[in-house]
Each structure stands twice: as structure tokens, then as C-alpha cells.
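Make the full structure from the sequences, and use the hints.
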Amino acid sequence: SAQLTDLPGVGPKRIKDLAKLGIRDIEDLIYYFPKRYEDRTVTRDFYKLEHASQATIIGEVIKTEVLSPRPRLNILRVHLAHGKDTIIAVFFNQRFLQKNFKPGKIILVSGKVDFKFGKQIIVSDYEILSKDEKTQNLGGIIPIYPLTGSINQKLLRKLIGDTLKNYIQLLEEILPLNLQKLYNLLPLNIAIKEIHFPQNWLSLKRARYTLVFYELLIFHLGIKSSRNLIKVQKGIEHEKNNYLTQKFIESLPFKLTKAQLRTIKEIEDDMESPQVMYRLIQGDVGSGKTMVALWALIKAVSGGYQGALMVPTEILAEQHYLNLKEILDKLNIETILLTGSISKKDKEEKLNKILSGKGQIIIGTHALIQEDVSFHNLGLIIIDEQHRFGVKQRLALQEKGVQPDVLVMTATPIPRTLALSLYGDMDISIIDELPPGRKTIKTYHITENRKNEVYSLIRKEIKKGQQAYIICPLVDESDKLDLINATETARILATEVFPDYKVGLIHGQVKKEEKEIVMESFRKGELNILVATTVVEVGVNIPNATVMVILNAERFGLAQLHQLRGRVGRGALESFCILVSNAKTQEARSRMEIMTK
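Our numbering applies: residue 7 is where the sequence shown begins, and numbers increase by one.
Be aware that a few hints might be false.
Derived lysine-lysine pairs resembling BS3-like cross-links, with alpha carbons at most 27 Å apart [stated by the list, open to error]:
#, residue 1, residue 2
1, LYS336, LYS356
2, LYS240, LYS271
3, LYS105, LYS19
4, LYS253, LYS237
5, LYS508, LYS521
6, LYS331, LYS517
DEER-style ranges, computed between Cβ atoms [what the hints assert, rightly or not]:
#, residue 1, residue 2, range
7, THR591, HIS57, 20 to 30 Å
8, GLY310, ASP34, 47 to 57 Å
9, HIS57, SER136, 24 to 34 Å
10, GLN515, ILE196, 51 to 61 Å
11, GLU520, ILE333, 27 to 37 Å
12, SER279, GLY17, 33 to 43 Å
13, LYS518, ALA578, 30 to 40 Å
14, ALA578, HIS382, 33 to 43 Å
15, ASN455, THR501, 17 to 27 Å
These are calculated hints, taken from the structure and not from any lab test.
It should be emphasised that the depicted structure is a prediction, and the values quoted were computed from it without experimental measurement.
Heads up, the beta-carbon is just placed ideally off N, CA and C, and yes, glycines get one too.
Rendered as C-alpha cells:
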């Protein structure tokens with residue numbers, strides 16, 4: 007079979023550099039797609055250029071000069087000619103390039119045209135061309151690839167061009183001709199050629215569509231194959247004994263919603279079947295996923311099995327442990343908390359209980375998948391906020407038992423059709439109903455200069471006996487980004503803005519013991535305001551907190567914003583989420599709009 011070393015100009019050094027790009031064989035090279043395209047079909051004669059327009063031009067170097075109008079600013083001016091027309095290509099603080107632009111050289115430059123100080127183009131990208139490339143690169147859509155080391159655009163284009171010429175015919179077509187016509191697809195070899203060297207924008211669009219179709223098809227076939235394998239796997243057939251689970255439901259001080267009961271029935275059917283359960287529970291924050299998960303854990307224990315609940319953060323693990331232990335103690339079920347920060351002695355004691363089976367429900371973080379953790383009889387694993395864990399971590403926990411049932415939970419809102427695409431190998435339960443009495447969280451987007459209005463709202467809520475979160479994207483000062491940090495925010499709030507109230511601080515670098523003290527103080531209502539980073543993003547449940555303020559909200563993704571907002575509105579009280587942001591990009595503004603709809 008053909009090797010990269012068979013290509014002209016590829017020696018040991020370039021093999022290493024290609025490997026850094028993930029290119030290790032001919033197939034990798036064929037599927038190394040451009041990151042963008044440069045439209046050189048719009049290369050114009052200089053006299054046709056318009057002020058403030060983006061343009062790509064080609065010209066011959068006449069002379070160069072460097073100006074230094076002030077300290078730490080140098081301007082390289084490259085005089086270019088095309089026929090009788092001239093223009094100056096301007097490079098800021100790149101005087102080191104001057105040696106590359108010898109008179110007579112042909113260069114192609116892209117940038118913004120500027121007529122304020124004569125006819126100029128402010129260069130954003132350039133390429134030095136050889137004489138024979140002068141006509142070759144005048145027209146066409148040129149691919150631009152990610153680069154490294156000794157690999158430049160021209161070399162990579164040539165390598166890919168040569169490879170396509172010699173090996174493209176070896177690509178096997180996946181779909182028959184009738185399906186290609188039905189879905190308006192290009193043959194695979196033509197789609198690959200067009201994605202690298204498109205004839206025009208229309209053919210590029212069709213090539214992209216074809217390749218996306220193929221990728222999704224292969225993905226879905228993989229998912230379907232995985233699902234078929236799961237369906238024939240012999241699992242644990244849990245007993246139909248419902249004494250403990252019924253006792254649990256009867257002990258709750260509230261009624262489960264219809265959506266919770268429907269999901270419980272689906273889980274019950276799965277667990278009592280001889281096949282392995284592999285189910286996703288999707289439900290908004292506060293919809294009661296945890297109670298459903300607890301029902302499943304109790305179901306496993308009632309048949310003599312252990313259950314494990316893995317969560318992404320220690321704060322969430324501790325909170326689940328405290329909340330669930332209170333319920334489980336009444337059912338004489340022993341619950342164990344296992345995290346990475348417990349003492350060696352405490353860990354040994356807990357590991358022995360897990361191994362002996364005395365520990366029946368184990369709640370923990372990634373610590374659950376460490377090598378020294380062995381279960382006596384693991385029958386059910388539950389993964390909370392599954393998007394925070396990788397596939398390997400989920401498999402590592404599964405391997406702690408013998409074909410245990412698997413339940414994963416997410417609060418990230420995913421449309422059902424997309425969920426079926428992403429999790430097609432799983433059955434899906436959707437808890438689409440909130441407990442009665444829950445009110446919609448009022449969400450507002452305001453700019454930085456209106457923070458005093460937020461502080462007024464916080465004061466108003468504290469006077470009513472409620473509490474507030476203030477979320478910052480950083481722990482400390484950042485040299486690179488002008489972002490609000492938690493440490494300084496907590497200091498200013500405690501000393502200047504809210505001197506009459508108690509302000510706490512929590513972030514990922516706070517020691518475990520201190521973190522526990524702060525969270526417990528906030529839980530008890532001893533702290534009025536909690537300044538935090540995203541360590542409180544998932545699962546923290548303080549029903550008395552009614553205000554969530556997110557500073558620099560543009561720095562967070564939609565899923566994070568949604569999770570953070572879910573920390574309030576946990577009870578029957580009216581709650582507020584305030585997104586503070588001077589969002590500059592359209593993408594950031596769109597996120598703010600989606601959150602406030």
C-alpha cells in the first residue's frame with residue numbers, strides 16, 4: 007500500500023510535521039480538509055478597488071521601506087505594481103518580512119483597502135508566488151489548511167493534489183447510484199476533490215453536504231450496530247419485589263409527578279427484563295431526576311445488588327450524599343460517599359465496606375473508577391450530568407460490575423430528534439413536567455453599567471429572607487482577559503456594596519474543608535450572598551436562593567448558563583436570573599436572547 011514517503015518532497019522531517027497535523031498515511035491526507043477558502047476569483051486590477059472593501063490582489067514588488075512613527079510601532083510598506091497601476095501593501099510591526107520582498111518578486115496579498123493616505127491595502131494574509139504561479143493563482147477558490155512546522159500552504163496543496171491524482175480512484179463508493187440521486191449527493195471521490203479544490207462555491211456547498219451526509223450515515227450505522235449488540239446482552243433480571251421502592255415513595259413528603267412516575271415505570275420494566283438497561287433520563291433542572299434515580303438505586307438494593315451514582319463535582323457528591331442519606335437511613339440502606347479528597351484511613355474503611363457489600367449505595371466522583379475500588383455485587387450505575395464524563399469513564403465504571411444496568415441523566419435541553427441521533431444506542435425517558443408550585447425563573451440581560459440595579463434587587467430579596475448567587479468566570483486576576491474575578495468581586499461586595507450582609511466565596515482552588523464550611527453556611531442561611539465560579543454549576547440545591555447573577559455572561563455557553571440558572575427557583579419562591587454582559591459578538595448576543603426568551 008502507498009506510504010507518505012512515496013510522495014515527492016516528503017522525508018523524515020516532513021513525516022514528523024505531518025504527524026503533528028494528524029496525517030500519518032495517505033487516507034489521513036485525503037481526509038485532511040481545509041479550515042477555510044480564499045476567493046482569488048475576485049483578484050482585481052488596482053484601479054477597480056474600492057475604499058474599505060476586502061480584496062485579494064497580485065502584484066510585483068517595486069521597492070520596500072520601513073517607517074517608525076513612534077516607539078513600538080513599525081510599518082513595512084511594500085510598493086506593488088500591476089501593469090501601470092501601483093498600490094502600497096502595509097504590514098504593521100512585521101519589519102522582519104522586509105527581506106522576503108525583493109524587487110521583482112510576485113506576491114499575492116489579502117486585506118482591507120484604505121484610501122485615507124494614498125492607495126493602500128492593510129495586509130491580513132500574503133503569499134509569495136513564483137513566476138509561473140502568477141497566472142495559476144489568479145482565479146479559483148483556494149483551500150487554506152491548518153499548518154505546522156515545515157509544512158506550508160503550497161506544499162500541502164501540492165501533496166494533496168498529487169495524492170488525489172494518484173489515489174482517489176481507490177476510494178470505495180458507499181452508496182449505490184439510485185440513493186446518490188435520491189439525496190442529491192456527489193460520488194464520494196468527486197466530493198473529496200471538490201472539498202479540496204472546488205470549481206465554484208456551489209460545487210463546494212454540494213461537496214460539504216455530501217460529506218456531512220456520509221459522516222452522519224456512518225455515525226448512525228455505528229449507533230445502530232451498538233444498540234443491536236446491547237439488546238442481545240444478557241443482563242441482571244432484577245426481582246419484581248417492590249416492598250422497598252413502595253415504602254420509599256410513600257415516605258416522600260410530596261407526590262411524584264406523572265412524568266416521574268412514567269419514567270420510573272420505564273426503568274422498572276428495563277430492570278426486570280433479562281437485557282441490560284441502557285437508558286438516558288432527560289429533564290430540566292428541578293424536574294426531579296434525582297428522586298427517579300434514587301428509586302432505581304433502591305430497586306437494585308432490594309434485590310441484593312449495589313448501586314453507584316457518579317457525579318462530576320465533590321460539591322454535588324456531598325450534597326447528594328447528605329440529602330439521600332436522610333431518606334436511605336430510614337430504609338436501613340447504608341450509603342457511602344467516595345471522593346478524591348478523603349483521608350487514607352477513611353478511604354480504606356469505605357473501600358472495605360464496598361468490597362464486602364456492606365456499602366449498598368455508593369455516591370462519588372471520578373474516585374469511583376479508580377483501580378483500588380472493587381464492588382461486591384454492582385448491579386446499577388447512574389451517571390449524573392453525563393456530558394461532563396467521557397465514554398472511557400462511563401465504561402470504566404461499568405466494568406466494575408458484571409453487565410450492570412446503566413442510567414445516565416442530563417439537564418441539558420436537547421430536542422428529542424437530536425437526542426435520538428446522539429444517544430441512538432440508548433432508550434430515552436423525558437421528564438417534561440416540573441413539580442407543582444414551581445414558578446418560571448425570570449431571566450434578564452443587562453449591561454455592566456446597570457449593576458446597581460442588580461444590587462438593589464439582591465437587597466430587596468435578602469430583606470425578604472432570601473439569598474443570592476453571584477457567578478464569576480475566573481478565580482483571580484487575568485493578565486490576558488479583562489474579566490471579573492471571584493476573589494476581587496467577593497472583597498468589593500463584602501466591604502463596599504453589602505457591608506451589612508454576609509458574603510461567602512467558593513471556587514475550585516478553595517480547600518475541601520473550607521468549601522464544605524462555606525456551602526453549609528450558605529445552606530443554613532448564615533450567608534446572604536455566595537460569590538462563586540462554575541463549581542456550583544451542577545446540582546447544588548438551596549431552595550432559599552432566589553437570585554442568580556452571572557457576570558461576564560458572554561463567557562459561558564448555553565448549557566452552562568442553563569445549569570447556573572437552575573440553581574435558583576428550586577422552591578415555590580419567585581426567582582431571578584440576571585445575565586450581566588456587554589456582549590459584543592453576534593453569537594454572544596444570540597445566547598443572551600435565547601436565555602431571556
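- [ ] Of all the hints given earlier, name the ones this structure violates by number, lowest first.
- [x] Going through the list in order, the structure violates hints 4, 12 and respects the others.
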